[in-house]
Amino acid sequence: AQSVTQPDIHITVSEGASLELRCNYSYGATPYLFWYVQSPGQGLQLLLKYFSGDTLVQGIKGFEAEFKRSQSSFNLRKPSVHWSDAAEYFCAVGAGSGGGADGLTFGKGTHLIIQP
Amino acid sequence: DTAVSQTPKYLVTQMGNDKSIKCEQNLGHDTMYWYKQDSKKFLKIMFSYNNKELIINETVPNRFSPKSPDKAHLNLHINSLELGDSAVYFCASSSSTGRNEQFFGPGTRLTVL
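Respectively, the protein sequence lines represent chains D and U. The opening position of the first sequence corresponds to residue 1 in the numbering used here, with each subsequent residue numbered one higher. The opening position of the second sequence corresponds to residue 1001 in the numbering used here, with each subsequent residue numbered one higher.
Please keep in mind that the hints were generated in silico from the structure rather than gathered at the bench. One thing to keep in mind: the hints can contain errors.
[Said to hold, decoys possible] Pairwise CB distance ranges (calculated):
1. D:Thr30 / U:Glu1058: 16 to 26 Å
2. D:Gly53 / U:Gln1014: 47 to 57 Å
3. U:Ala1003 / D:Pro40: 17 to 27 Å
4. U:Thr1097 / D:Gln45: 44 to 54 Å
5. U:Leu1113 / D:Glu20: 25 to 35 Å
6. U:Asp1070 / D:Gln42: 20 to 30 Å
7. U:Thr1111 / D:Thr55: 26 to 36 Å
8. D:Glu66 / U:Ser1005: 44 to 54 Å
9. D:Gln45 / U:Leu1113: 42 to 52 Å
10. U:Ser1080 / D:Glu66: 26 to 36 Å
11. D:Leu56 / U:Ser1020: 40 to 50 Å
Glycine residues also receive a C-beta, built at the ideal position from the N, C-alpha and C atoms.
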């Protein structure tokens, strides 16, 4: 069964500093990997996705993530955070079957706090 | 031009009542999902429908019954509500010809008193 681990429950970063959120996955085949962000009281917004090809993917709001198959990781990065980045971040894995109606398996989320 | 919408946004009700949450998507997707987010923000798939057919039915009490009248709508009916049903319920949709990129609705916060 697939699983996702986000080792950091909370992370505090100063505004303007760089950010890295960790994500490790377990999946038997080629995974489809996603990062979603959830602002307080809001739904989930897709930041970026990895399906195949270039292992460094660019997303919205200046985020990027790198897929490392050897480490089963898909860490999210941003070179300089803004106060508006404070939110809950979820890593998710989907079946690499190319479609169907598979649900996503989510990690437990990382709560990002931005210090002024 | 909301992509995935849910009604209501908030739902407060008494134990034992029956309630429904509605979801609609205008993305032309053929697959829709219900997820539950608990008080610790953990998200878990409950159901998925593809072309109005139930595909995934995770271990969810049979008090929960999804209904898909057409590809653009997936409603969630809950009978005999319990305190433990309090959560945020998210609807999502995707294309089965795509790569499982799911678009989420704004969520419905259900509080059972």
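Evaluated hints:
At about 23 Å, the CB distance of Thr30 (chain D) to Glu1058 (chain U) agrees with the hint of 16 to 26 Å. Take Gly53 (chain D) and Gln1014 (chain U): their Cβ atoms lie about 52 Å apart, and the range 47 to 57 Å holds. Distance hint for Ala1003 (chain U) and Pro40 (chain D): a CB-CB separation of about 21 Å, consistent with the stated range 17 to 27 Å. A hinted range of 44 to 54 Å is violated for the C-beta pair Thr1097 (chain U) and Gln45 (chain D), which are about 23 Å apart.
Between Leu1113 (chain U) and Glu20 (chain D) the beta carbon distance is about 42 Å. The supplied range of 25 to 35 Å is therefore violated. For Asp1070 (chain U) paired with Gln42 (chain D), a C-beta distance near 27 Å keeps the hint of 20 to 30 Å intact. Here the CB-CB span from Thr1111 (chain U) to Thr55 (chain D) is close to 43 Å, at odds with the stated 26 to 36 Å. Against the hinted window of 44 to 54 Å, the Cβ-Cβ separation of Glu66 (chain D) and Ser1005 (chain U) comes to about 34 Å, which falls outside the hint.
In this structure the supplied range 42 to 52 Å is violated for Gln45 (chain D) paired with Leu1113 (chain U), their Cβ-Cβ distance being about 31 Å. One distance hint, 26 to 36 Å for the beta-carbon pair Ser1080 (chain U) and Glu66 (chain D), is violated here, with the actual separation near 47 Å. Separated by about 44 Å at the C-beta atoms, Leu56 (chain D) and Ser1020 (chain U) satisfy the suggested range of 40 to 50 Å.
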